[in-house]
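Just so you know, the protein sequences line up as chains A and B, in that order. Following our numbering, the numbering of the first sequence begins with 10 at its first residue and continues without gaps. Following our numbering, the numbering of the second sequence begins with 225 at its first residue and continues without gaps.
There could be a bad hint or two in this list.
[What the hints assert, rightly or not] A few chain B positions that, by computed beta-carbon distances, are all more than 12 Å from chain A: (1) Gln268; (2) Thr287; (3) Ser300; (4) Gln302; (5) Glu307; (6) Thr308.
[Claimed, not checked] Covered stretches of chain A, as calculated for chain B (at least 3 residues, CB under 8 Å): (7) 16 to 30; (8) 94 to 108; (9) 146 to 157.
Simulated from the structure, these hints should not be mistaken for laboratory data. Note that the Cβ used here is the ideal one computed from N, Cα and C, for glycine as well.
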Amino acid sequence: MNTVLSRANSLFAFSLSVMAALTFGCFVTTAFKDRRVPVDIHVSKVMLKNVDDFTGPRERSDLGFLTFDLSQRPPVGQLLVVPIFDWNVKQLFLYLSAEYATRSNALNQVVLWDKIVLRGENTKLSLRDVKSKYFFFDDGNGLRANKNITLTLSWNVVPNAGILPLVAGSGHVSLPFPESYETTKSY
Amino acid sequence: MLSIFKSIPSHMDYKGQKLAEQIFQGIILISAVIGFVYGLIIEQFGWTVYIVLAGFVLSCVLTLPPWPMYRQNPLSWQPIIPETSAEPSQKPQEALKKKKHK
Numbered sequence: 010m011n012t013v014l015s016r017a018n019s020l021f022a023f024s025l026s027v028m029a030a031l032t033f034g035c036f037v038t039t040a041f042k043d044r045r046v047p048v049d050i051h052v053s054k055v056m057l058k059n060v061d062d063f064t065g066p067r068e069r070s071d072l073g074f075l076t077f078d079l080s081q082r083p084p085v086g087q088l089l090v091v092p093i094f095d096w097n098v099k100q101l102f103l104y105l106s107a108e109y110a111t112r113s114n115a116l117n118q119v120v121l122w123d124k125i126v127l128r129g130e131n132t133k134l135s136l137r138d139v140k141s142k143y144f145f146f147d148d149g150n151g152l153r154a155n156k157n158i159t160l161t162l163s164w165n166v167v168p169n170a171g172i173l174p175l176v177a178g179s180g181h182v183s184l185p186f187p188e189s190y191e192t193t194k195s196y
Numbered sequence: 225m226l227s228i229f230k231s232i233p234s235h236m237d238y239k240g241q242k243l244a245e246q247i248f249q250g251i252i253l254i255s256a257v258i259g260f261v262y263g264l265i266i267e268q269f270g271w272t273v274y275i276v277l278a279g280f281v282l283s284c285v286l287t288l289p290p291w292p293m294y295r296q297n298p299l300s301w302q303p304i305i306p307e308t309s310a311e312p313s314q315k316p317q318e319a320l321k322k323k324k325h326k
């Protein structure tokens with residue numbers, strides 16, 4: 010503690026240790042919070058096509074197109090309000106995935122749509138008539154006349170400090186797919 | 225250029241060093257507590273960091289330069305004895321060196 014440099018060194022090191030303790034405190038205050046929000050998924054339109062899939066080994070595979078709405082379960086004017094931003098949340102990553110079974114595979118999971126919600130942006134999202142963002146290809150022809158396809162909205166909470174919880178299945182809906190190709194089925 | 229920095233006197237005496245250390249630890253801890261509570265209330269961790277940073281800057285200003293309050297208890301050195309006879313002071317050191325070699 011004799012020269013300016015050694016004083017500066019101990020001052021800086023002390024500040025960093027205190028900052029680390031504060032970050033740990035920030036993590037502890039929000040570590041055990043329940044981050045589930047009940048969400049309603051409503052699918053308005055499904056169309057099925059059988060097209061050439063150049064990324065797979067087969068000649069033609071099933072391709073699905075969905076249009077859906079997302080809203081909050083106690084219906085709050087059809088908007089998706091996200092009240093889970095607290096001081097430890099940096100951004101949210103929402104994604105909608107479809108799960109189904111076919112003859113060749115017991116379980117298929119495909120991500121259809123995702124969205125990143127940053128902190129400070131508008132947290133009331135209007136998600137009506139949203140089209141699927143990614144191709145809903147099946148490995149073969151398993152989508153046609155499939156009785157049960159389950160859509161689930163999950164999200165990832167990206168924190169400032171701590172664990173990244175993956176909250177699965179805030180709400181899900183199961184629906185059958187159309188029997189033939191090139192026909193639009195409305196729900 | 226470094227010689228200019230080294231020529232500026234920046235020493236403090238021992239009680240001054242203890243006082244400086246207590247001051248900066250206290251300032252940073254207090255600003256950490258204030259920052260934590262404020263950030264928790266307004267739900268933004270960025271403000272906590274800014275408040276701790278402000279406490280850091282304040283304690284830099286208060287404790288890094290050698291203010292006169294850190295020089296209140298200077299050590300009282302003995303007065304310098306002028307070196308009149310050089311040889312008698314060197315001989316006992318040589319005798320000590322020989323004993324150590326054995």
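Apply the coverage criterion to the stretch 16 to 30 of chain A and chain B: a residue qualifies when its Cβ sits closer than 8 Å to a Cβ of the chain, and three qualifying residues are needed. holds (count 10)
Minimum Cβ-Cβ distance from Thr308 of chain B to chain A exceeds 12 Å: holds, 33 Å
Establish whether the coverage given for the stretch 94 to 108 of chain A by chain B is satisfied; the threshold is a Cβ-Cβ distance below 8 Å, and no fewer than three residues must meet it. Coverage by chain B holds for the stretch 94 to 108 of chain A (4 residues, Cβ < 8 Å).
Separation of Gln302 of chain B from chain A, once the least beta-carbon distance is taken, above 12 Å: holds, 20 Å
Beyond 12 Å from every Cβ of chain A: is that where the Cβ of Gln268 of chain B lies? Gln268 of chain B is in fact no farther than 12 Å from some Cβ atom of chain A, at 6 Å.
Using Cβ atoms and 12 Å as the threshold, tell me whether Thr287 of chain B really stays out of contact range of chain A. violated, 6 Å
How about the stretch 146 to 157 of chain A: do at least three of its residues have a C-beta closer than 8 Å to a C-beta of chain B? Answer violated; 0 residues pass the 8 Å Cβ test.
Ser300 of chain B remote from chain A - nearest C-beta pair above 12 Å: At about 18 Å from chain A, Ser300 of chain B clears the 12 Å cut-off, so the statement holds.
Just double-check Glu307 of chain B for me: nearest Cβ-Cβ distance to chain A has to come out over 12 Å. Given that every Cβ of chain A is farther than 12 Å from that of Glu307 of chain B, nearest at about 27 Å, it holds.
In summary, the numbered hints that this structure violates are 1, 2 and 9.
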